[in-house]
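Turn these sequences into a full structure, and let the hints steer you where they fit.
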Amino acid sequence: EPEVTQTPSHQVTQMGQEVILRCVPISNHLYFYWYRQILGQKVEFLVSFYNNEISEKSEIFDDQFSVERPDGSNFTLKIRSTKLEDSAMYFCASARDSITEAFFGQGTRLTVV
Amino acid sequence: AQRVTQPEKLLSVFKGAPVELKCNYSYSGSPELFWYVQYSRQRLQLLLRHISRESIKGFTADLNKGETSFHLKKPFAQEEDSAMYYCALSVSTGNQFYFGTGTSLTVIP
Numbered sequence: 001e002p003e004v005t006q007t008p009s010h011q012v013t014q015m016g017q018e019v020i021l022r023c024v025p026i027s028n029h030l031y032f033y034w035y036r037q038i039l040g041q042k043v044e045f046l047v048s049f050y051n052n053e054i055s056e057k058s059e060i061f062d063d064q065f066s067v068e069r070p071d072g073s074n075f076t077l078k079i080r081s082t083k084l085e086d087s088a089m090y091f092c093a094s095a096r097d098s099i100t101e102a103f104f105g106q107g108t109r110l111t112v113v
Numbered sequence: 114a115q116r117v118t119q120p121e122k123l124l125s126v127f128k129g130a131p132v133e134l135k136c137n138y139s140y141s142g143s144p145e146l147f148w149y150v151q152y153s154r155q156r157l158q159l160l161l162r163h164i165s166r167e168s169i170k171g172f173t174a175d176l177n178k179g180e181t182s183f184h185l186k187k188p189f190a191q192e193e194d195s196a197m198y199y200c201a202l203s204v205s206t207g208n209q210f211y212f213g214t215g216t217s218l219t220v221i222p
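Protein sequences, first through last, are from chains A and B.
Numbers 1 to 113, taken from this note's numbering, label the letters of the first sequence in order.
Numbers 114 to 222, taken from this note's numbering, label the letters of the second sequence in order.
Accuracy of the hints is not assured; some may be wrong.
What the hints assert, rightly or not - Label pairs and their calculated CB-CB ranges: (1) B:Glu-167 / A:Thr-13: 19 to 29 Å; (2) A:Met-15 / B:Pro-188: 49 to 59 Å; (3) B:Asn-177 / A:Met-15: 39 to 49 Å; (4) A:Asp-71 / B:Ser-139: 20 to 30 Å; (5) A:Ser-27 / B:Ser-165: 18 to 28 Å; (6) A:Pro-8 / B:Glu-192: 29 to 39 Å.
The set of hints was computed from the structure by calculation and includes no laboratory data.
The beta carbon of each residue, even a glycine, is placed where N, CA and C say it ideally should be.
Structure follows, in structure tokens:
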């Protein structure tokens with residue numbers, strides 16, 4: 001069964017450093033998403049991406065964040081200058097279209113020290 | 114503003130007992146409601162959505178617009194139901210979900 005895969009599973013970075021979280025969505029999916037979950041808190045929407053552009057983003061997704069689909073298979077989330085409060089589990093998801101089920105990856109745990 | 118509330122962080126029931134996981138939402142329009150489940154060391158996966166009106170793994174959920182609720186129910190809990198359950202609300206096409214804080218269900222053998 002096709003799966004959304006995310007790498008790495010755990011990333012430790014120093015405050016102020018740039019990080020790139022990688023996701024390989026399911027191959028025939030057209031909609032892509034990033035969510036995050038700070039430890040003990042709810043899963044929060046960050047951004048949705050369709051047709052090579054951001055379709056929606058939340059207040060969390062400020063200028064420090066960017067997304068890209070560089071090569072038709074990967075979908076990346078970049079945090080330009082990490083802060084301690086960026087420490088969280090980041091989930092990638094993809095969907096075939098805008099109204100069907102979104103499939104989630106296993107998540108990348110980002111720890112900013 | 115949209116909000117999903119799951120009042121119980123932890124819920125324990127005995128095997129074979131009925132289980133109900135509560136979810137309330139606030140949204141002025143017509144929402145789409147979902148239940149996602151996360152088993153230990155596995156990814157978030159869709160359990161059911163209200164528009165499907167189906168029963169998955171014995172679970173059902175009915176959207177009650179009057180009470181703005183979407184409680185998840187199962188008449189006889191099984192040990193394999195132990196997991197984290199998230200209620201989610203979508204207010205537009207595009208899978209932009211608003212998640213509740215989740216309820217950790219433990220089914221005691």
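Results for each hint:
1. Between B:Glu-167 and A:Thr-13 the beta carbons are some 43 Å apart, a value that contradicts the proposed interval 19 to 29 Å.
2. Evaluation of the 49 to 59 Å hint for A:Met-15 and B:Pro-188 yields a pass: the beta carbon distance comes to about 50 Å.
3. Hint check: B:Asn-177 to A:Met-15, Cβ distance near 46 Å, so the stated range 39 to 49 Å holds.
4. Checked against the hint of 20 to 30 Å, the C-beta distance between A:Asp-71 and B:Ser-139 comes to roughly 41 Å, which is inconsistent with it.
5. The hint said 18 to 28 Å for the Cβ distance between A:Ser-27 and B:Ser-165, and at roughly 25 Å that hint holds.
6. Here the CB-CB span from A:Pro-8 to B:Glu-192 is close to 32 Å, well matched to the stated 29 to 39 Å.
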